[in-house]
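Please arrange chain B on chain A, whose structure you already have, making use of the hints.
This is what each chain is made of:
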Amino acid sequence: MKPLRADGDASRLPTVTFGPRSLMWWGTLGFMTIEGWTLAILVAGYLYLRQNYDAWPPLRTPYPSLLVPTINVALMLISIIPAKLAADAGRRLDERGVRRWLAVTVAITVAIVVLRWWDLWALNTRWDTNAYGSAAWTIVGFHTSLLVLDAMDTIGLTLFFWFKRLPAKAFSDVANNSFYWYSTVGVWIPIYLLLYVGPRIF
Amino acid sequence: MTESHDRALPVPQIMPADDVERTAAELDQTWAEPGTLWGWLTAVDHKSIGKRYIITAFLMFVAGGIEAALMRLQLARPENTLIGPDRYNQLFTTHGTTMMFLFAVPMMNAMGIYFVPLMVGARNVAFPRLNSFGYWSYFVGVALLYVSLFVNTGPDAGWFAYVPLAGPAYSPGHRVDVWAQVVTFTEIAALCAAVNIIVTAFKMRAPGMSLDRIPIFVWAQLVVAFMIVFAMPAVATGSTLMLATDRAVNMHWFNPPEGGDALLWQHVFWFFGHPEVYIIFLPAIGMVTPIVETFTRRRVFGYTALVMANITTAFFAFGLWVHHMFTTPIPELGQSLFTAASMVIAIPTGLQIFCWIATVATGRVRITVPMLFLFGFIFTFVNGGLTGVMLASVAFDKQVHDTFFVVAHLHYVLLGGGVMPLFAAFYFWFPKITGRRLGDRLGKWHFWLFVIGVNVTFFPMHILGLEGMPRRVYTYLAPTGWGSLNLLATLGAFVIAASVLVFVVNAARSWRSGELAGDNPWDASGLEWATSSPPPVYNFVYPIVVRSGHPLWETTVERPVVTGLATHRREMLLTTTFDGRPDSRHVDPEPSIWPLYLALCMGVLFIGSIFSPYFVLGGIGLSTIGMLGWARQSTEHVDRELVALPDCRLVETL
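Quick mapping for you: the protein sequence lines, in order, are chains A and B. Going by the numbering used here, the residue at position 54 of the first sequence is 54; the numbering climbs one at a time, nothing skipped. Heads up: take any position in the second sequence, counting from 1, add 1000, and you land on the numbering used here.
In case anyone wonders, no lab produced these hints; they're calculated from the structure. Among these hints, one or two may not hold up.
To be verified - The calculated EDC-like cross-link candidates involving lysine to aspartate or glutamate, where the alpha carbons are at most 20 Å apart (straight line), are: (1) 1398/B x 1332/B; (2) 2/A x 1519/B; (3) 84/A x 150/A; (4) 2/A x 1019/B; (5) 164/A x 1636/B; (6) 1444/B x 1515/B; (7) 84/A x 94/A; (8) 2/A x 1558/B; (9) 164/A x 1019/B; (10) 84/A x 1647/B; (11) 1398/B x 1467/B; (12) 2/A x 1554/B; (13) 164/A x 95/A; (14) 2/A x 1021/B; (15) 84/A x 128/A; (16) 164/A x 153/A; (17) 2/A x 1579/B; (18) 1051/B x 1590/B; (19) 164/A x 94/A; (20) 164/A x 1639/B; (21) 1051/B x 1519/B; (22) 2/A x 1523/B; (23) 84/A x 95/A.
Next up, chain A with everything else stripped away, as it sits in the complex:
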């Protein structure tokens, strides 16, 4: 075996990084892509089934209600603010700021998850009524699973920050958690427009 020559010293390289420098950011991006793409395929299925109908929603199916879904979309957009503030506090290693803004994010997230129940019924059809109902329920249902998972993640992180001594990488995790939340909200906007507003248009 050849003798080894030290060509560089890594001992002063950072051990905690943020954004694309950290592995977890890339992992988060990977799963965001997978989940976003899954929703895109479901939406393609929804539009494919649209071709089988003259009317959309099908005859005798009322339009989806707009009130609760619109309130929930507004809440989601508002939730971006504390999520961003929590991420910013994380990037400053500001533990108090992280605790505060994570708690606010959790409060809004829980409200969003609760309102999601009425989002589902606001479709004004059941999953087993017809293909329109199946497609709409599956899309909202799948997004709900992402929402619940993200809420659990945020709640867990918040509890840890409030009640546990954490390693410094947890600050980077806060930033990544917000990053994931932006995507969960971001993918919902076109879905809201398609499922709740769309049937009134096409």
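Same frame as chain A, but now just chain B:
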């Protein structure tokens, strides 16, 4: 807190042998994975996971092969009564499901999980616990399919589960549900592997390994990982969110009277299904390049062309799916487009074959068992590729659709293009995994029996298909005249079985008492050969600095490395995505039971969902405990850290 800059400064210096040995001893302790059952269940080393993935997937290859042999026995003569139609349906469905979902894709992922970190000079994959979770999810899928088969609930609607046959009206009971959930588990596993491979290849390469120095095998794995990210969600959506919900909670995705559409299933399935072929094929041909380079003792001809061919193939692979649907009412323009795309994809594949031929023609060729398998690959695969171009023609495809001609084509492609390079890779990398070489004499027997067996089995099927013999029928009448060619194919199948048996004997004997290989028995050029065989848990004592695409063929007196990674915890070096500059240190997680626990919770959730929605709730509840446990374990160790803030300051925490 203290502040400073965050870039490594070069300090060229020969490492005293004592220092290297002391560092290795410290790493041995820090990275140790206990050899107990608990150690095995909690392992997070990519080589442990990779090895068990390879062995499980190989057992699936054997299981799928036994199913094929049983089917061939049934078809050996007309009007045979060995296996009835119901059992035969379960056999061909389980054979296809096993070979595609439980053997081919997991095996290619497994090779990536084992070798990508070694080839890029990393100590582990990016997310070791996710990797372990992926394996256990796959294992749950394997167990589900085979337990179901043995209790007469094996899926029976084909590996593609076409509706309406697979829908609730025509497939009552739970056979198709089993299929849908097996697919779910394997998709989860493939996606975990894909994310791991992408991030490992992007962020964990050796210092100096810029994009143009990445080994071709790693490129192939990277491209395929991206394909998995975009292909697998389609079948997961189709099987779990559409088919399973149609069956379990009366949805109507595929129910025409309520506005559903059976063709939608075919679109969703083949949008995954055709890229799937390349998800199997690209890693296999990624294995070809390092083998060709090693045994011709020269760099491969056309590195950039090979990389671009991989990427181009991946793009085209997503534009071919409708060629599986030429007998459905697809508009003519659509048919023409997909015909053209199906032909165009032959170009990048052909280009790669010409690159290897040019390499072989201008190198000093050593004929070894891996090289024999590569010659077998080129011969067999080119035949399969040619019938593929024939099938791209709509008029021809309509004539032979659902006949044995297609069976012949796909087996030539998959056995020639997938399994033969895989066997070549086994012979090539077995010494790295086990420290011992595979026997040469048995290797040659294995090769000749396999190549002859494949051709004797599948060539007659072209003729049977042209004569009109349909696929997926459990028997045929004597006056058809198909008996003798079927008998020949059955004999061929047993020659293949004999060849695989020879390989198993060879592997078992060599693993126990084969010739010791040493670090680099073939004098190959990749980083995986720069460490011992088998490698230690941490792979490399120091990250190796790379100055070319063939680091072990560099004629330097010393091997440049980077020092300074802590040895008291599992530190790894991260580098920049494009040019591979040292960027930060990352602490690898320690062994954990939570990945296994969570995979079992997923089992409760998805398998239980077949029987009652309450299992879904139970699965979610149990998973929550698992996620909390996992997160808690990940945040246990509070250590002194150097934090790189986004404003470029470096802060030291307590």
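Going through the hints against the structure:
1. Distance restraint check for residue 1398/B and residue 1332/B: the Cα-Cα separation of roughly 13 Å lies within the 20 Å cut-off, and the hinted pair is therefore satisfied.
2. Under the criterion of a C-alpha separation no larger than 20 Å, the hint pairing residue 2/A with residue 1519/B is consistent with the structure, at around 12 Å.
3. With a C-alpha separation of about 15 Å, the suggested pairing of residue 84/A with residue 150/A holds against the 20 Å cut-off.
4. Only pairs whose Cα atoms come within 20 Å are accepted, and residue 2/A paired with residue 1019/B is accepted, the gap being roughly 15 Å.
5. Pair hint residue 164/A plus residue 1636/B holds up; C-alpha atoms about 9 Å apart against a cutoff of 20 Å.
6. Only pairs whose Cα atoms come within 20 Å are accepted, and residue 1444/B paired with residue 1515/B is accepted, the gap being roughly 17 Å.
7. Distance restraint check for residue 84/A and residue 94/A: the Cα-Cα separation of roughly 13 Å lies within the 20 Å cut-off, and the hinted pair is therefore satisfied.
8. At roughly 5 Å between alpha-carbon atoms, residue 2/A and residue 1558/B fall within 20 Å of each other, so this suggested pair holds.
9. This hinted pair does not check out: residue 164/A and residue 1019/B have alpha carbons roughly 38 Å apart, beyond 20 Å.
10. At roughly 17 Å between alpha-carbon atoms, residue 84/A and residue 1647/B fall within 20 Å of each other, so this suggested pair holds.
11. Between residue 1398/B and residue 1467/B the alpha-carbon distance is near 14 Å, which keeps this suggested pair within the 20 Å criterion.
12. The hinted pair formed by residue 2/A and residue 1554/B meets the criterion: a straight-line CA distance of about 11 Å does not exceed 20 Å.
13. With a C-alpha separation of about 12 Å, the suggested pairing of residue 164/A with residue 95/A holds against the 20 Å cut-off.
14. Between residue 2/A and residue 1021/B the alpha-carbon distance is near 14 Å, which keeps this suggested pair within the 20 Å criterion.
15. Using a Cα cut-off of 20 Å, the hinted pair residue 84/A and residue 128/A is violated, with the two alpha carbons roughly 39 Å apart.
16. Under the criterion of a C-alpha separation no larger than 20 Å, the hint pairing residue 164/A with residue 153/A is consistent with the structure, at around 16 Å.
17. As the CA atoms of residue 2/A and residue 1579/B are separated by approximately 25 Å, the hinted pair breaks the 20 Å bound.
18. Note on residue 1051/B and residue 1590/B: the hinted pairing holds, with a Cα-Cα distance of about 19 Å set against a maximum of 20 Å.
19. For the suggested pair residue 164/A and residue 94/A, the alpha carbons sit about 15 Å apart, so the restraint of at most 20 Å is met.
20. Distance hint between residue 164/A and residue 1639/B is fulfilled; the C-alpha atoms sit about 14 Å from each other, no more than 20 Å.
21. Our distance criterion of 20 Å between C-alpha atoms is met by residue 1051/B and residue 1519/B, whose separation comes to about 18 Å.
22. Proximity of residue 2/A to residue 1523/B is assessed by CA-CA distance (about 14 Å); at most 20 Å being required, the pair is judged to hold.
23. Only pairs whose Cα atoms come within 20 Å are accepted, and residue 84/A paired with residue 95/A is accepted, the gap being roughly 15 Å.
Consistency note: the structure conflicts with the earlier hints numbered 9, 15 and 17.
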